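Trainee: Letter by letter, the chains look like this.
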Amino acid sequence: MKLIIRNSLKVLLAALAIYAAVIFIFSNVQLIDRRMSLFFVPNLQRNGGQELQMMRDLTSSQTKYDAIVLGSSHAYRGYDPRIFEQSGISLFNAGTSAQNAKGSLVLYNEYLRNRSDVFLLDIYDPVFELEGTESNMRLIQNVPTNEAAFALVQQEWKMYTLNALAVRIASIKPMDEAPNNDYVKNGFCEKKGILYAVEPLNDSVFDANEEMFVAFEKMVKQMQSDGKRIVLCSHPLPPSAGLHNYHDKFLARFTPLIQRLGLHYIDLTYYTDGFGVNEFADISHMNQQGVELYNRLLMNSPSFNEVVK
Amino acid sequence: MLFNSIEFFLFFPIVIALYFLLPHQWRWLMLLIASCVFYMFFVPAYIFILLATIVVDYVAAIQIEKSSKTNARRWLIGSIISTCLILAVFKYFNFFIDNFNGIANLIGWNYSLNTLSILLPIGLSFHTFQSLSYVVEVYRGNQRAERHFGIYSLYVMFYPQLVAGPIERPQNVLHQFYEKHSLNYLDVSKGMQRIVWGMFKKVVIADNLAQFVSPVYEHAGAVSWMYLSIAVVFFSFQIYCDFSGYSDIAIGAARVMGFRLMENFKLPYRSTGVGMFWSKWHISLSTWFRDYVYIPLGGNRRGAARTSLNLFIVFAISGFWHGANWTFVVWGMAHGLWLVLENRMNVRWEGKWKMLFGTLITFVGVSFLWIFFRAQSFEQATQVIKGIVTFQAQPGFLPSVFVPLNGAVIVGKILLLLVFVLIDRKVTEVVLGTRTIGSNRKVWLFAALLACLALFGQWGKVDFIYFQF
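If you read the sequences in order, they're chains E and V.
According to my numbering, the first sequence is numbered sequentially starting from 1.
According to my numbering, the second sequence is numbered sequentially starting from 310.
Errors might be hidden in some of the hints.
Below, a list of computed lysine-lysine pairs in the DSSO-like style, where the Cα atoms sit at most 27 Å apart [as the list claims (entries may be wrong)]:
1. E:Lys221 <-> E:Lys158
2. E:Lys158 <-> E:Lys173
3. E:Lys185 <-> E:Lys64
4. E:Lys2 <-> V:Lys751
5. E:Lys218 <-> E:Lys228
6. E:Lys10 <-> V:Lys735
7. E:Lys185 <-> E:Lys173
8. E:Lys10 <-> V:Lys751
9. V:Lys589 <-> V:Lys661
10. E:Lys218 <-> E:Lys158
11. V:Lys499 <-> E:Lys10
12. V:Lys661 <-> V:Lys735
13. E:Lys2 <-> V:Lys489
14. E:Lys2 <-> V:Lys499
15. V:Lys663 <-> V:Lys575
16. E:Lys309 <-> E:Lys185
17. E:Lys228 <-> E:Lys173
18. V:Lys499 <-> V:Lys751
Because the hints were derived from the structure by calculation, they are not lab data.
Quick caveat: nothing in here was measured; it's all calculated off a predicted structure.
I would like the entire structure built from these sequences, with the hints used as guidance.
Mentor: Below you can see the structure in the form of structure tokens.
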């Protein structure tokens with residue numbers, strides 16, 4: 001028994017040493033033009049992308065906004081603060097890549113709670129299916145403080161979140177990497193390009209990750225208990241993408257939840273008036289032309305005005 | 310319960326601790342309960358299907374032993390039919406109905422039967438075959454019928470090999486449940502080494518490759534021939550690491566408690582022919598077919614033509630065993646045909662370079678045939694093959710599912726695979742005990758594998774491929 005314990009400890013200690021060494025190399029050595037980690041683990045980098053640019057904008061002042069957007073890339077590419085500003089609404093877009101309710105809740109608690117009374121939660125069905133790897137890893141590495149990073153890890157005790165935290169801690173000199181060239185300001189990224197063709201996804205099946213619905217409910221309840229006003233929005237998707245079946249299945253699960261929580265949901269997923277291939281950059285994101293159209297549509301919506309104004 | 314899940318990491322040490330803490334006479338019961346818990350993590354109700362198989366074959370074997378030759382034969386046939394009937398209903402019923410409807414439609418017969426909305430019980434084909442092997446061995450007089458219902462149930466349900474083999478023979482395993490195993494360093498050490506190596510193969514190699522293979526097959530018409538070719542090669546290693554990884558974990562988990570399960574893989578991609586490949590790939594299934602189908606059909610005792618036919622039949626059935634889809638049948642038949650040709654032409658690769666060439670040819674052939682195994686349909690398989698042979702260019706845009714799979718990530722996966730190819734043989738020999746290395750080197754080797762699990766592992770995301778069978 002002693003021998004088993006002694007040798008197990010030896011192996012574990014050696015594994016820890018190798019792990020630490022590799023994390024150190026991953027965090028500080030570049031291969032070609034990127035961190036070595038990116039060759040082996042997608043999203044395992046220190047500092048970079050829209051997340052970093054957004055967090056810098058957010059924490060550089062203590063401005064209060066009329067509304068803050070939370071959600072995935074669907075969000076940070078779909079709500080342009082410049083357009084809202086023209087109507088006198090100051091908006092900050094705190095969407096990040098594949099952001100789920102767990103990540104949104106940490107951002108809300110750590111940075112956003114006192115920055116607005118109105119929260120626009122962008123709803124994008126796939127986020128309620130995913131495990132949240134991409135979202136959590138990017139946020140863990142780009143939130144300004146270790147406390148916030150640790151709060152994100154606590155939301156999701158998984159090996160990949162620990163790896164992301166380890167890379168964050170092991171980075172001697174955090175570098176700006178892979179800046180998002182589409183970034184404009186206040187978290188918004190302007191998507192260029194036109195969707196020329198769509199591979200229809202008629203057979204896609206919505207496969208709910210129940211954890212995400214639970215996390216969503218928890219986040220909404222906390223915001224409501226803080227007296228925040230919430231509006232849920234989904235922007236149009238390319239009509240030719242064949243997502244009806246998929247979105248209907250999502251709605252069958254989502255609608256009872258939002259009814260129970262008493263939320264407004266401006267669901268324009270199937271909205272087609274004015275939205276053709278020219279308004280989209282890819283199958284799930286609008287281009288700037290689409291954003292202009294959608295944001296104005298939203299501001300004219302009675303539900304939006306009821307909550308925001 | 311998946312081996313690569315957090316639940317298993319709690320379950321495993323608890324079972325080991327209880328096994329060695331309990332008095333010998335209670336261990337079988339604890340293992341049986343643990344095996345039920347393990348199985349019920351998937352779909353709890355399906356334990357009753359397993360129970361039905363166990364009861365049928367338990368009773369049949371006792372009756373076979375007690376009966377005259379003629380009656381024993383009746384009991385054997387009854388047992389085989391009823392056990393296979395369960396398999397037929399849950400695994401093949403919808404396949405037969407779909408084909409029946411297809412033919413009915415073709416001949417203009419306006420009548421269609423409804424398919425059943427049922428899930429295939431996990432590992433059904435494995436425990437069905439293990440159970441069948443028991444009654445056949447009792448019938449042949451190679452094994453005494455087990456009177457202890459609990460021990461017999463444990464033989465079918467022993468959790469390490471319950472859902473994906475190795476498909477054991479009663480002579481190898483049953484007596485081990487009566488033996489008193491004590492905690493010893495060699496078993497624990499060898500077992501744990503085996504588990505770590507199996508986890509590495511599954512979680513680090515197979516599941517990393519799967520991240521690329523799955524979207525490529527799903528969007529075979531929307532990616533370049535290069536992507537398709539990489540996916541075909543990746544899948545060859547994915548399925549090898551997935552399945553042999555499972556077998557390693559199963560053998561290791563049993564070894565920690567002192568049980569010895571049969572080997573299931575012996576570096577199959579180093580084979581210089583398809584015959585050799587099948588003697589090294591899924592050995593417990595190949596030998597099952599050899600012992601219970603090929604030899605009873607006449608084996609190689611009835612002339613060359615009949616031998617060829619027997620081989621072809623065995624491989625066609627083996628394909629069908631893998632899945633209720635014609636793609637599997639074609640895959641099996643193609644292997645059968647290849648083996649027949651290899652035997653008839655007496656292909657032998659001798660000398661270093663010729664052997665290397667033979668290995669390469671075998672790998673290319675096996676990888677090509679895996680396309681039918683991996684594809685969901687003939688259309689998908691054809692799309693993959695057509696894309697490769699016509700050097701399909703990259704269409705205007707990649708589906709968004711490829712966004713996280715940028716060039717660097719693909720290069721990383723290729724590097725991981727290369728490292729695996731370089732170390733596979735040596736580490737396999739170390740865990741099998743056929744290669745000796747110093748204890749310090751061994752510590753660093755398994756420490757490195759553990760570190761890789763933490764750094765590159767895809768935890769709890771991908772089921773074992775063979776679970777579906």
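Trainee: Which of the listed hints are not met by the structure?
Mentor: 17
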